[in-house]
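Visitor: Listed below, chain by chain, are the residues.
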Amino acid sequence: MKHSFRDTLITVFFTVVMAVIVAATLVVIFRYSPEEKIITLEEGWTVQLEDGEELRDVKIKDLPDRVEGDLKRGEKLVLSIGLPEETAGYSTPTIFESSHHNIAKAYLDDKLIFSEFDGDIEKAGFISRKDNYIDLSGVKPGDEFRLEYVLTETVTEPEMEAPKFGNYLDLQRSFLIDNVYFLFAGLFLIVFGLFFMIVSLILQPLFPEIIGQLTSSAISMIFGVYIITSTRVSPIFFHSGHTGDVEYVAFYLIAPFMYYLFSQIHEVKLKKLYSGLSILTAVLVVIFIALHFADVVHMNTTLPLYYVLITVMTIVLLVYDARDIKERKYSANNVIQMAGPTLFCIAFICCITYSLFKLVVLRSVVNDYVFMTIFTTGCLAFALSRLMVYFIYLSETDQRREEFNALTHKVYHDALTDAFNRNSYAEAIRDMNEGNENYGILSIRMEGLSNIVNVKGHGKSDEWLRSFGKAIVINTPDNGGAFRTDADTFAIIVRDNERGPLEHVVENLNRAMRVMDYNEPEIPHVITCGIAYSDEGNRSNAAKIAELADSRRTRT
Amino acid sequence: MNKIKTEMIPGIMAVILIIIAGLFFVAGNDLNPPQRYPIKELDDGWAIRYNSREIKAEPLSKMEIATPSVADQYSLSLKLTGKKIPGAAVYFRAFQSKVEAYLDGVLVYSQGSDALGSGRMPGRTLCFIPLPDGYIGKTLRIDITAAEKGAFTSLGPFLLGNQQDLFHNFLSERQLPHLFGTFLTLFALFQFLVIPYLVMKNKNMMKQFFSALLVLAAGTYMLAFYNLFNIYVSNPEVNTFLEFLSIYGIPSSMSGYLMFEMKGRISKIYKLFTLIDFLLLGAVLVLHFTNIIHISQSLMPMYALCVIEVIPFVVSVGQQVRVKNYRVREDPIDEAAEMIPVMGMMVFAGFSFIDMAYFLYAKNVLRDEADATIILAAIGGMLLAMSQMVSFLLQGVSFLRSEKSRRELLESVHTDKETGLSNRARFEQEMKDRRTSKEPYSIVCVHLDHKGKAGKNTDKEITAFADILREAFPKKAIICRLEEGEFVVIVDRIYEQELSVAAGSLDERVAEYNKKHKAGLQVSYGAAMSSEDTARGAYDIYLLADNRLFGMLHQNDRKRGVPVEA
Chain A
893 MKHSFRDTLI
903 TVFFTVVMAV
913 IVAATLVVIF
923 RYSPEEKIIT
933 LEEGWTVQLE
943 DGEELRDVKI
953 KDLPDRVEGD
963 LKRGEKLVLS
973 IGLPEETAGY
983 STPTIFESSH
993 HNIAKAYLDD
1003 KLIFSEFDGD
1013 IEKAGFISRK
1023 DNYIDLSGVK
1033 PGDEFRLEYV
1043 LTETVTEPEM
1053 EAPKFGNYLD
1063 LQRSFLIDNV
1073 YFLFAGLFLI
1083 VFGLFFMIVS
1093 LILQPLFPEI
1103 IGQLTSSAIS
1113 MIFGVYIITS
1123 TRVSPIFFHS
1133 GHTGDVEYVA
1143 FYLIAPFMYY
1153 LFSQIHEVKL
1163 KKLYSGLSIL
1173 TAVLVVIFIA
1183 LHFADVVHMN
1193 TTLPLYYVLI
1203 TVMTIVLLVY
1213 DARDIKERKY
1223 SANNVIQMAG
1233 PTLFCIAFIC
1243 CITYSLFKLV
1253 VLRSVVNDYV
1263 FMTIFTTGCL
1273 AFALSRLMVY
1283 FIYLSETDQR
1293 REEFNALTHK
1303 VYHDALTDAF
1313 NRNSYAEAIR
1323 DMNEGNENYG
1333 ILSIRMEGLS
1343 NIVNVKGHGK
1353 SDEWLRSFGK
1363 AIVINTPDNG
1373 GAFRTDADTF
1383 AIIVRDNERG
1393 PLEHVVENLN
1403 RAMRVMDYNE
1413 PEIPHVITCG
1423 IAYSDEGNRS
1433 NAAKIAELAD
1443 SRRTRT
Chain B
388 MNKIKTEMIP
398 GIMAVILIII
408 AGLFFVAGND
418 LNPPQRYPIK
428 ELDDGWAIRY
438 NSREIKAEPL
448 SKMEIATPSV
458 ADQYSLSLKL
468 TGKKIPGAAV
478 YFRAFQSKVE
488 AYLDGVLVYS
498 QGSDALGSGR
508 MPGRTLCFIP
518 LPDGYIGKTL
528 RIDITAAEKG
538 AFTSLGPFLL
548 GNQQDLFHNF
558 LSERQLPHLF
568 GTFLTLFALF
578 QFLVIPYLVM
588 KNKNMMKQFF
598 SALLVLAAGT
608 YMLAFYNLFN
618 IYVSNPEVNT
628 FLEFLSIYGI
638 PSSMSGYLMF
648 EMKGRISKIY
658 KLFTLIDFLL
668 LGAVLVLHFT
678 NIIHISQSLM
688 PMYALCVIEV
698 IPFVVSVGQQ
708 VRVKNYRVRE
718 DPIDEAAEMI
728 PVMGMMVFAG
738 FSFIDMAYFL
748 YAKNVLRDEA
758 DATIILAAIG
768 GMLLAMSQMV
778 SFLLQGVSFL
788 RSEKSRRELL
798 ESVHTDKETG
808 LSNRARFEQE
818 MKDRRTSKEP
828 YSIVCVHLDH
838 KGKAGKNTDK
848 EITAFADILR
858 EAFPKKAIIC
868 RLEEGEFVVI
878 VDRIYEQELS
888 VAAGSLDERV
898 AEYNKKHKAG
908 LQVSYGAAMS
918 SEDTARGAYD
928 IYLLADNRLF
938 GMLHQNDRKR
948 GVPVEA
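Quick note, the sequences are listed as chains A and B, same order.
For what it's worth, this note's numbering labels the leading residue of the first sequence as 893, then goes sequentially.
For what it's worth, this note's numbering labels the leading residue of the second sequence as 388, then goes sequentially.
Warning: the hint list may mix true and false statements.
[To be verified] Label-pair distances were calculated between CB atoms; the ranges are:
no., chain 1, residue 1, chain 2, residue 2, range
1, A, N1433, B, K819, 38 to 44 Å
2, B, S505, A, D954, 45 to 51 Å
3, A, G1327, B, R788, 30 to 36 Å
4, B, E858, A, L1248, 57 to 63 Å
5, B, R507, A, I930, 50 to 56 Å
6, A, D1260, B, K819, 37 to 43 Å
7, A, I930, B, I741, 42 to 48 Å
[Said to hold, decoys possible] Stretch by stretch, here's where chain A covers chain B in the computed footprint (C-beta under 8 Å, at least three residues):
no., segment
8, 455 to 469
9, 891 to 905
Derived from the structure by calculation, the hints contain no laboratory data.
Since we're looking at a predicted model, the values are computed, not measured.
The C-beta atom is built at its ideal place from N, Cα and C for all residues, glycine as well.
Turn these sequences into a full structure, and let the hints steer you where they fit.
Guide: See below:
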C-alpha cells in the first residue's frame, strides 16, 4: 500500500503529538521537591593526600586538577569540612556521598560514624561507583565531618561527586527522581529482554526461525543490567557486593553480542565478516574478564582498549550501513532491523565524543547525566526498533492476506479470461475420476481464432478471448466451473448429469455471440460446442467423457 | 560449522548469560540490602482513643474499628522502650487521612493537613515519623484523622526501625510490582509512539491503541496499588488518583479492543460499551475535579458495568463452537497470534476482578484492607504482556514464512512451466505496473512458426527457442510466453541500437539452430519503445509492437507462399 506525502505528514504530526503527550504526562506526574533544602557541600574542603600534603579550601570539582600524578591502590585520601550553619534543624540529618574505586570511613568530630568493611582493601573486591547515606544524628553546625577514602584501584584522578547534606528521605528520593529515567529504562530493558527470551525459548521448538530473537533479547537484558548498575539504582532491587563486577561484565558483553546480532541480520557475505568479528571480540572480552577476576588487571583499566574495540565496531557498522543503503542492498525488513543497532551505535559514538570532550576540554571526571542519558536513549531506541519490527508485521497482516489471495487466484485462473486454467482442469478431471458424483462436460472451441490473430493481431484476438471468457464464466451454472483448456478451447464441467443446464449455457453463449457480432461485425465470432455426460461412458474416466464432448462439437 | 550448530549458538549464549547473572546474584548471598538494625512491628501496648473516647486496647492486627466519617479521629499512644536505634523512625501507611505525631506532646511530624477540609481527595500516604536521638522512654502519640468517608478500616501496621532500613524494607517488599509495573507502563508508552504509524498503514490497528491502553492501566494500577508513585511524586493524591483512574481504564480499554477485534453484532455492542465507558469516565472525572464525588468513592457503577460487559464476550466464545465470530484466518499461526492476546486480556481481567472483589471483601467484611494484595492482577498483567509478545513473535514467524511461500508462489504463478520463461500472468502484471512508471522501456513481440507446416512446433523446439531468446536478449529482459508460439520481451532502459543487435542475434541463432537440427523454425518480430508515444499506456506500446510483428509475419508468409488473408 502506498501512502501520500500528506499521510506521512499526518503520521509524523500524530507521532510528535503522542510523544509530547507522553513526555508531558511523565513530567507532570514525576515532580518531587524535597521537604527540606538539600545542601551541596561543594566548597571549603580540606584534602589530605597520602604523602601528607594538605590542600585547603578545595572545591570538589577542582580536586582532579589540584591532585598531581596518579593515585595508587591502597593510598589514602582524607577530606574534611566544617558543617555550615544552615545544616541546623534537620530531623534526619544525613550526608550522601558518591565516589569511585575506594572504601570509605566517615567521622563526625573524630568519632567514627560510618565504615565500609574494616579498611582492608583485599577483602573489598572490585568496587566501581558506590553511594552511601551517612547518618549524622545529633550533628551540630560547625562539627567537623571527615571522609577517609582508601583507594581500591590506581586512578589518574579522584572521581567523586560533592557530598550532599539533607534529610535522609529527601536525599534518597531526590536520587531516585534524578535517576528515574535510567531506573525505569533499565528495568524495562531487563524485563523486555527476559520476557522475549522466555517466550522465544518456549516457542523455539515449534518455530525454529525465532531463535535469532534470543540475541536481541540478551542484548536488551545486558543494556538494562548495565544501566541500573552503573547509575547505582540497582540497590533498591537487589544488594550485591559484586555490583561493580556486574556493571563492567555487562558493558564488556555488548560488543560480541552486537557483532553476533549483525551477523544474524545480514546475509551471506557480511555474515562471515560479522561472525568473525563476534568471535574475535568474544575472545578478547573473555580474556579481559578472566584477567579481571584473576585480579591481574581490572576491567576499569582495560576500558580504553574496549572503547577502541567498540568504536571500531561502530565505524564498521556505520560504513557498511551507509554503503548498503546507498547500493539499496537492504530489504525493508533489514532496514528496520538494522535501525536499532545503528541508532545505538550512533548514540555510543556521541557518548565517546562527549567523554573525550569532557576529559580534554573541560578537564572533568565528575559524573554527570549526559553520557548515561545518551547511552540509555540509544538502548531504548534499540528496543523500540525491535518492537517496531513486530508492529510492522502486525499491521501488514491484512495486506499480506489480500496479496496471498490474489496470488492463489492467479495459480488457478487463466490470466486473460479469468476462467480456471489448464492445471485446474487437470485437477477437476482427476476429481471427477475419483469421486462418485455424476457430471456433464461442455466442450467449446473458438473457431478461426488463429486467423484473427494473423489478420487483426494479438490485440484483437486477446479482446475477443477476454469477452468470450467473461461470457463463459458468467453463464456457468452454480454447480460447475469454466476452464480454458487450450489457446482456443474451453470446457464447462457441471456436477450433475441432469440434461438441460448445459444446453441452456450453449443457448446463452450463442446469444452472446450475436451481441458480439453486432458490436464488431468485422470479426467472425464463431464457436462450436459439444456436450457429454458421465452416464454416457465410464464415469471414472472423465478424460474419455471430455473426448466424447470434443468429438460432438458442432456449430450451433 | 554445520547449520544445527550455528542455530544453537544463541541458545547457548542465552543460557550462559542466565547462568552468569545467576552466579552474580548467588555470590551476593542476600539480594535484599543488609538490615543494619532490627525492624520491630509495634502491634501491642497502644492506648487508643476514638474521637477522644478511650476504647479497649487490643493488638492492632486483631482490632476491629468503626468505619470513620470525615474528621473522625483515632489517637494512638505508645511508650517507646527497648534498645535505641540510631536514625530511628516509625513507618506506616495512612489511608486518606491527616496524620500528626507527637513525642511527649511535642509535634514531630505532620502530614495531609491541607487535604482535610479542602474538599480535595486525600491520598494514601507513606508516613516515616523520624524519632530524635533520645526517644527511648518517651510516649509517641499518633493522631489519624479521616479526611474521607470510610477512609480506612484498619490501623497500622506500625514498624519501628532505622529509617534507611525501613525505606529499603518498603522497597524490597515491592520488588516485583515495581519491576513489572514499570515494565508494563513503559511497554505501553512505547506502543503509543508507534501507533499513529500503524494506524496509517492499517486502520484496524486502532485495536493496538486500546491494547496498549490496557497494558498502561495494568502497569499503573500495579505501581499505584503498592504506593510506588509515592516514592517519585511529592503529592500523595497523585498515587491514589492514578490507582482509581487505572481501574476505570481496564474495562474501557478492553471494550475498545473487542470493538475492533470482534465482528458483526458483537463489535457493535462493544462500540456502545466503549462509548458508555468513556462517557462514564468523563462524568467521573468531572465529578472528581469539581470535588462533588471523588473517583475513589465511585467504583460501584464501574464494577457493575464490568460484569455486564463481560457477558457478550462470554456468549460469543460459547457460540464459537457453532459459529465463528472471529475473522476467518486461513493460517493457524495467524489465528493463534490473534487469539492469544485476547486470552491474555481475559486472564488479566479475570484475575484483576478477583483481586478487586477480594479488596472490597477485605475492606468491608474482614476490615483489614492493609493486608490486601493484587498478586493475581500482577500475574495477570505479566501474562497479558507475555501474550502480546507471543503474538508479536507469531506474527513475525507468520510474516517470514508467508514471505518465503509468497516468493515461491509468485515464482510459480508467473512462470511458464514448459519453458521456464515468464508467462501471461507476469506479462499482465508488467503491463499493469508500467501504467504509472516513468522508466523508459521497450517491448518486442516475437512469433515462432514452423516453415512449411505453419502448424505447431514440437515441445523440444519451443524449449530450444526459449533458450535462444534468453541468449539473444540482455539478462535484464523479461521474456514472457503468452501462447503456444507467442512471446513478448520487455526490456527496461535499452537503446534502439541494442535492440537491433539483439534482433540480429536472434536471427543468427535461429538460423544456426535450423542448420544444426535440420529444423524449420521461422521467427517474426516487431518492437516498439515507450519513448515513441509516451502519452499511451504499456498495452498500447505492446499493440504497436504486435502490429509491427505482423508486418514481418506477413512478409515471411509471402516468402513462404502462404496466402495472407486481408
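Visitor: Work down the list of hints and note, for each, if the structure agrees.
Guide: The hints, checked one at a time:
1. In this structure, A/N1433 and B/K819 meet the distance hint of 38 to 44 Å, their C-beta atoms being roughly 41 Å apart.
2. The hinted window of 45 to 51 Å between B/S505 and A/D954 holds, with their beta carbons roughly 49 Å apart.
3. For A/G1327 and B/R788, the Cβ-Cβ distance of about 32 Å falls inside the hinted range of 30 to 36 Å, so the restraint holds.
4. B/E858 and A/L1248 have their C-beta atoms about 60 Å apart, which keeps the hinted 57 to 63 Å range intact.
5. The supplied range of 50 to 56 Å is broken by B/R507 and A/I930, whose beta-carbon atoms lie about 28 Å from each other.
6. Restraint check, A/D1260 to B/K819: a C-beta distance of roughly 59 Å breaks the suggested window 37 to 43 Å.
7. Between A/I930 and B/I741 the C-beta distance comes to about 44 Å, which sits within the given range of 42 to 48 Å.
8. With 0 residues having a Cβ less than 8 Å from any Cβ of chain A, the segment 455 to 469 of chain B misses the three-residue criterion, and the hint is violated.
9. Only when three residues or more bring their CB closer than 8 Å to a CB of chain A does the claim for the segment 891 to 905 of chain B stand; here the count is 0, and the claim is violated.
Checked against the numbered hints above, the structure violates hints 5, 6, 8 and 9; every other hint is satisfied.
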